[in-house]
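Undergrad: This is what each chain is made of:
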Amino acid sequence: MKGRTIYPGKVEGEAMVSKEPIGFYGGIDIKTGIVIEKGHELEGRCVKDKVLVFPYGKGSTVGSYVIYGLKKNGVAPQAIINKETETIVATGAILAAIPCVDGIDIEEIKDGDLVEINAGEREAEIIIK
Amino acid sequence: MHLTQEQEKMLDGEYGSIVSRMMRLLVRLGDVYGAEKMVSIASVQVAGVSYKSIGDPGLEFLQDVAAEAKVRVLTFLNPAGMDLEDWRGMGIDEEFAQKQLAIIEAFKKMGIVISATCTPYLAGNLPRYRQHIAWSESSAVSFANSVIGARTNREGGPSALAAAITGYTPYYGLHLDENRQPNVVVEVKVELKNSTDFAAMGYFVGREVKKGIPYYRGIRDADVDDLKELGAAMAASGAVALYHVEGITPEAKEVVAEGIEKIEFGEEELREVYEKLNTGNEPDVIIFGCPHASLNEIIKISRLVEGRKARKPFWICTSRAVKEIAERMELDKKIEEAGGKIVADTCMVVSPIEKMFSTTAVNSAKAAHYLPGFCKQKVVFRSMEDLLR
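Chains as they are written, first to last, in our numbering: chain S, 165 to 293; chain Z, -7 to 381.
Hints are computed from structural coordinates only; laboratory data are not their basis.
Estimated spans, in silico, between C-beta atoms of each pair:
1. G331/Z - K195/S: 40 to 50 angstroms
2. E346/Z - K236/S: 21 to 31 angstroms
3. I291/S - E60/Z: 34 to 44 angstroms
4. Q55/Z - K174/S: 23 to 33 angstroms
Lysine to aspartate or glutamate pairs mimicking EDC-like chemistry, simulated, CA-CA at most 20 angstroms apart:
5. K202/Z - E250/S
6. K185/Z - E259/Z
7. K333/Z - E322/Z
8. K236/S - E60/Z
9. K222/S - E201/S
10. K301/Z - D276/Z
11. K185/Z - E267/Z
12. K236/S - D48/Z
13. K235/S - D48/Z
14. K44/Z - D193/S
15. K174/S - D4/Z
These figures come from a predicted structure and were not determined experimentally.
Virtual Cβ for every residue (Gly too), placed ideally from N, Cα, C.
Chain Z with its partners taken away, still in its complex shape:
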């Protein structure tokens, strides 16, 4: 791989041993995937934040990095394993909390924004069209590539951190035009009524196309929340990092969607996904916000529950940034009066909810996919409107 003088110096240790190892990691991954050079990146999203996921080995590693290095570009953080302020209110134990806070402290020392969200694009890290970035968090990768038209591969925690510290990522895969062409057309033959229908479709398509790049035809309209759910589901049931929607996503008119495989998504496929993802009946809790709820979703929920009392507790997971605005609008009060709460900085998949609940209701196919394995939950998968009715 061709390296610039500065990149060579990083590799040779002139910027310290951590920078050198981080550059070596990127060079090696670049060699493996056939990159010819490095490319400068505008921003990073770092995953591997929850103590539940990375444990003591991750914590020690991050403390070592923090002792020596700082990030060079705007870097945001994935959700943690708890609300970083109101963890006691979530029922998190002291030991878990102290470890989680130590992880956060290490990231802060590196100069990383403690955004603790999987929707950085809703909280202040918004790349532009065609800009190179190095993001982890599969749902955010999908949104950035597809809805915004920025360019990133699916990074892991360490490779994203390495990109943040060096300011570079190897130039291969989805950074190149030729690798952004679709390889399967999805003909949508059913009317999608809400973002959960979009999630269900994403679950089906991700399973069918695996690592492919789908091109959707027949979607009349989709808002940002619909697309967020669609992409998250495809990245969970498959490994889809980029998709196109005719008439809606920015690169759809630049790519060629002819002469490739076609699949259909209709009434029957939609019903099949709902049947598969529903494994429980009576939920102990309802959780919204996978990926993290947008302000618009919180407004919708607060309208649906206003003046009513829910039979089950419900949580809305979101970023601290969105929660602050919701509080200023006093949406949190309406939600609390109905028996719900807004939880910031975390999500159901990365927090230890198995200690509290056994059946969880969600409106997200990504959550429905991961909850049985990671959190030993039975799942009720329905739309937000249905769950709150």
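Next comes chain S alone, as it looks inside the complex:
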């Protein structure tokens, strides 16, 4: 699949897929990377080293700083794939230097799939292995 690069990079990892949007502030624990939002479909799971797939971000603009904090604490996802990256996630991914791609039909990616991401300066390619 082809998409748009929000932040470039080349990585391969296991997909963790959420059909719901993710709010990073108050939604993911910054120290452990565990999803803590009550009733969220990923509640209790850890995003560390995953390729995190979700439609778009939601909630507080402080979410950008949480993404940055996850990276600093070594519990960030390896990469982010969105249907549409809004400014909270875009800002966070860029500041944290986490490869991030949007414009992807995320329904095609299943939880647990091995995914390769090739994100160039502008265009990105996603391969499900």
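Using the hints, position chain Z against chain S.
TA: Just chain Z now, kept in the frame of chain S:
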């Protein structure tokens, strides 16, 4: 997007990794919003200062930036979560205070002016007409665009900081002439008696026009405090970043206000807003200064309370700069004798007041809009004169 050689170098990391990430953030946002190039900016207003709002993640980020980068243009700061000097007097706990002071230290290290105010235009950061700036703080954005005629989009905390560190912002949105045209006329059919009436109107119009650009017709006069309240309210109930007032704001005569949608604001609409925003009866505290009080407002309050004793405590939130002058005029003494105090560097929305009060009286529609959610307060919304009577 076209970048100059210098901007390319910033992006490529020649100025360090923080500058590179900041430039990348601006380029990416510019691509998303269709900017063709970057534009130099004259000043920045940075939001996201209170520890209550940004927490430990924000603090860590700012410390990392401060270790490597400095701002390139005049940069002012939004209010903090407490009075930076008299935080003990506000009842702020030690842990919160230490975190807040660490945030301030990081900003200071970047070369940012610790103005800690949402009204930079009253405290020494005054852009000129048509000048490009990159401001956050929705009420200040509205004032700068509308009353001064400077040009800024509604920046978030990180994008404003990125503009401060690189000296550029992507050239799109309200930086361009064609995007500053009004799309709705507001016919004002009621006499607005004070700045709280202006705030109430702003609350109504912001809710109606959302992200639109209103053009007001029928306002005979408005002072800077009236316009400050009007803009703040529209940016809170809606996302209005620019408005025009016929005969009053500088771009009103340059834009076309014909052939667009019209709405009316009359007696009935005014009454409806007061009814909606009043959710409490007996306030524990009265707080003025959202956005931060001007010196003129503090003079008015000191006259209203002189020689009297208030039944409830009252606070006036303002910038340190304005507070200093008020103190020199001994206005603070008159206010303290009446049971009030002037609080600098902070405001009711970003400080942890829910630990102290449950019903707050305000003369600001912006405050009345945010207090129930952010601070779990019931609200009494009345004019300054009514509240002090």
